[in-house]
Amino acid sequence: MLLAVENLHVSYGGIRALKGISFEVEEGKIVALIGANGAGKSTTLRTICGLVRAQSGRIEYKGTVVNKVPPYKIVGMGISMVPEGRRVFTRLTVLENLEMGAYSRGSSQEAKESLANVFKRFPRLQERKSQLAGTLSGGEQQMLAMGRALMSRPQLLLMDEPSMGLAPMLVEEIFSIIREINNSGTTILLVEQNAHMALSVAGSAYVLETGEIALSGPAAEMADNPEVRKCYLGE
Numbered sequence: 049m050l051l052a053v054e055n056l057h058v059s060y061g062g063i064r065a066l067k068g069i070s071f072e073v074e075e076g077k078i079v080a081l082i083g084a085n086g087a088g089k090s091t092t093l094r095t096i097c098g099l100v101r102a103q104s105g106r107i108e109y110k111g112t113v114v115n116k117v118p119p120y121k122i123v124g125m126g127i128s129m130v131p132e133g134r135r136v137f138t139r140l141t142v143l144e145n146l147e148m149g150a151y152s153r154g155s156s157q158e159a160k161e162s163l164a165n166v167f168k169r170f171p172r173l174q175e176r177k178s179q180l181a182g183t184l185s186g187g188e189q190q191m192l193a194m195g196r197a198l199m200s201r202p203q204l205l206l207m208d209e210p211s212m213g214l215a216p217m218l219v220e221e222i223f224s225i226i227r228e229i230n231n232s233g234t235t236i237l238l239v240e241q242n243a244h245m246a247l248s249v250a251g252s253a254y255v256l257e258t259g260e261i262a263l264s265g266p267a268a269e270m271a272d273n274p275e276v277r278k279c280y281l282g283e
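Under this note's numbering, the first residue of the sequence shown carries the number 49, and numbering increases by one thereafter.
Don't read these hints as lab results, they were simulated from the structure.
Hints may be right or wrong, so weigh each one.
[To be verified] Cut-off 27 Å, straight-line C-alpha distance, at most; resulting in silico cross-link-like pairs (DSSO-like, lysine-lysine):
1. 121 to 278
2. 121 to 110
3. 116 to 160
4. 77 to 177
5. 110 to 77
6. 168 to 116
7. 177 to 116
8. 121 to 160
9. 77 to 67
10. 177 to 160
11. 121 to 77
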């Protein structure tokens with residue numbers, strides 16, 4: 049198992065954000081976490097990558113407990129995140145943003161290879177490499193955030209709401225790219241409010257409700273589950 053989360057508890061002040069959640073991510077798969085706003089989805093990702101400290105529980109990556117490992121070391125271990133809201137460096141160029149994602153690479157040659165791979169996957173970023181990131185469209189900024197995360201060549205990519213704020217046509221394009229990234233060998237843990245799109249690409253899924261896992265199973269079964277269809281698929 050690439051990632052195993054066991055009985056994870058996280059609180060912000062007096063608010064219990066995660067109440068003992070457990071789930072697994074198998075290598076080579078896409079696993080979706082779906083749920084309403086405030087369910088704890090983003091907190092889960094931020095805790096896995098070390099930005100939030102768990103109160104208790106266990107996060108195991110490739111057999112190593114990473115609960116107290118600092119974020120920069122977690123990136124070096126092979127976990128990278130595409131944050132909610134894209135969070136690109138607006139005053140830096142597209143190229144400079146991508147280079148920021150390669151800081152953990154061991155050599156400039158590896159960074160060059162990563163950059164070539166990102167430009168191959170995102171031709172628009174190559175066309176705009178000298179452009180300031182703040183002048184890109186929302187879809188292009190999402191591609192830049194994804195490209196920046198891929199610069200470290202992660203084995204596990206955490207994606208937080210990649211479709212947020214995008215037009216339907218761009219959502220289709222972003223999810224097509226997510227499939228391509230997974231087909232090339234990268235495991236993905238996907239947090240997404242667009243449950244329909246998330247379940248269409250994932251192999252398995254977990255439904256989070258107020259810090260607890262309410263449902264879990266194969267994504268196709270979840271898409272047919274009456275409760276999921278009513279609460280998350282708008283039916």
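Results of checking the hints against the structure:
1. 121 to 278: 41 Å, violated
2. 121 to 110: Judged against 27 Å, a Cα distance of about 14 Å means the pair holds.
3. 116 to 160: Outside the cut-off at roughly 31 Å; violated.
4. 77 to 177: 31 Å, violated
5. 110 to 77: 15 Å, holds
6. 168 to 116: Between residue 168 and residue 116 the Cα gap is close to 36 Å, so the pair fails against 27 Å, i.e. violated.
7. 177 to 116: Status violated; Cα separation ~36 Å.
8. 121 to 160: 21 Å, holds
9. 77 to 67: Given that 27 Å is the threshold and the Cα spacing comes to 25 Å, the pair holds.
10. 177 to 160: With Cα atoms ~14 Å apart, residue 177 and residue 160 stay inside 27 Å; holds.
11. 121 to 77: 23 Å, holds
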